[in-house]
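Modelling step: build the complete structure from the supplied sequences, incorporating the hints.
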Amino acid sequence: MGTATGIIRALNSGIKHIAIKRFTLRYPEEKLKFVGDGYQFDPSTGVGIAGLKGRHMLFHDHCTGCQLCSIACEGVAEAIAMVKVPDQQKQNKKSIMPQIDYGKCVFCGLCVDACPFYALYMTNDYELSSFSKEGLIYTPAQLQVKPYVAQDSEIQITSRGATHG
1 MGTATGIIRA LNSGIKHIAI KRFTLRYPEE KLKFVGDGYQ FDPSTGVGIA GLKGRHMLFH
61 DHCTGCQLCS IACEGVAEAI AMVKVPDQQK QNKKSIMPQI DYGKCVFCGL CVDACPFYAL
121 YMTNDYELSS FSKEGLIYTP AQLQVKPYVA QDSEIQITSR GATHG
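Just so we're aligned: the sequence shown equals residues 1 to 165 in full-length UniProt numbering.
Just so you know, the hints here were simulated from the structure itself, not pulled from any lab data.
All values derive from a computational prediction rather than experimental measurement.
Misleading hints may appear alongside valid ones.
[Said to hold, decoys possible] Cross-link-like lysine-lysine pairs, in silico, DSBU-like; alpha carbons within 35 Å at most: (1) Lys90 <-> Lys133; (2) Lys104 <-> Lys146; (3) Lys53 <-> Lys21; (4) Lys21 <-> Lys31; (5) Lys84 <-> Lys133; (6) Lys94 <-> Lys146; (7) Lys21 <-> Lys90; (8) Lys16 <-> Lys146; (9) Lys84 <-> Lys21; (10) Lys53 <-> Lys84; (11) Lys146 <-> Lys93; (12) Lys133 <-> Lys53; (13) Lys133 <-> Lys33; (14) Lys16 <-> Lys90; (15) Lys21 <-> Lys33; (16) Lys53 <-> Lys90; (17) Lys84 <-> Lys104; (18) Lys53 <-> Lys93; (19) Lys133 <-> Lys146; (20) Lys16 <-> Lys33; (21) Lys133 <-> Lys104; (22) Lys133 <-> Lys94; (23) Lys53 <-> Lys104; (24) Lys93 <-> Lys33; (25) Lys146 <-> Lys53; (26) Lys16 <-> Lys31; (27) Lys93 <-> Lys104; (28) Lys31 <-> Lys53; (29) Lys53 <-> Lys33.
[As the list claims (entries may be wrong)] Ranges between beta-carbon positions, derived for each pair: (30) Glu78 <-> Ser13: 44 to 52 Å; (31) Lys146 <-> Gly6: 49 to 57 Å; (32) His62 <-> His17: 19 to 27 Å; (33) Thr45 <-> Lys90: 42 to 50 Å.
Every residue, glycine too, gets a C-beta built ideally from N, C-alpha and C.
Set out below in structure tokens:
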């Protein structure tokens, strides 16, 4: 009797899912749309603002070269190195800014949390592939450029589960 019950349960589960639309996207032709601008941290309230943890964006006019992002990353991935930049900013006396190695980065967001000046935040850009390890190292000038993210499909959450449209 136990085997027959198991077969009936399996068939019942399969029949229920026949009418449900597939959740699989045809990546890279279709891309999932993410809500929000990306992960950010508000130091005044001490709360992280939800969002996808993708590529970092650096605001040169906010960065003071305090190295807190690099210190926060030390125990996790050691992906952030402080490098000398040629242009002098009035708030950045040492002329150093973060350079991120995405070959080592684990996208934890601790560097964003550690920055008290809103200089770093994470965007929705998750396509960071490269043919060489050097291509994964983003300089401060590359981190300053806002990424273009093309997203086609949006998630709809219903009582029967999540779908995309």
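Going through the hints against the structure:
no., hint, verdict
1, Lys90 <-> Lys133, "33 Å, holds"
2, Lys104 <-> Lys146, "21 Å, holds"
3, Lys53 <-> Lys21, "28 Å, holds"
4, Lys21 <-> Lys31, "17 Å, holds"
5, Lys84 <-> Lys133, "21 Å, holds"
6, Lys94 <-> Lys146, "25 Å, holds"
7, Lys21 <-> Lys90, "55 Å, violated"
8, Lys16 <-> Lys146, "44 Å, violated"
9, Lys84 <-> Lys21, "52 Å, violated"
10, Lys53 <-> Lys84, "26 Å, holds"
11, Lys146 <-> Lys93, "25 Å, holds"
12, Lys133 <-> Lys53, "21 Å, holds"
13, Lys133 <-> Lys33, "28 Å, holds"
14, Lys16 <-> Lys90, "63 Å, violated"
15, Lys21 <-> Lys33, "18 Å, holds"
16, Lys53 <-> Lys90, "30 Å, holds"
17, Lys84 <-> Lys104, "20 Å, holds"
18, Lys53 <-> Lys93, "30 Å, holds"
19, Lys133 <-> Lys146, "22 Å, holds"
20, Lys16 <-> Lys33, "27 Å, holds"
21, Lys133 <-> Lys104, "10 Å, holds"
22, Lys133 <-> Lys94, "28 Å, holds"
23, Lys53 <-> Lys104, "15 Å, holds"
24, Lys93 <-> Lys33, "40 Å, violated"
25, Lys146 <-> Lys53, "15 Å, holds"
26, Lys16 <-> Lys31, "27 Å, holds"
27, Lys93 <-> Lys104, "28 Å, holds"
28, Lys31 <-> Lys53, "16 Å, holds"
29, Lys53 <-> Lys33, "14 Å, holds"
30, Glu78 <-> Ser13: 44 to 52 Å, "46 Å, holds"
31, Lys146 <-> Gly6: 49 to 57 Å, "54 Å, holds"
32, His62 <-> His17: 19 to 27 Å, "49 Å, violated"
33, Thr45 <-> Lys90: 42 to 50 Å, "28 Å, violated"
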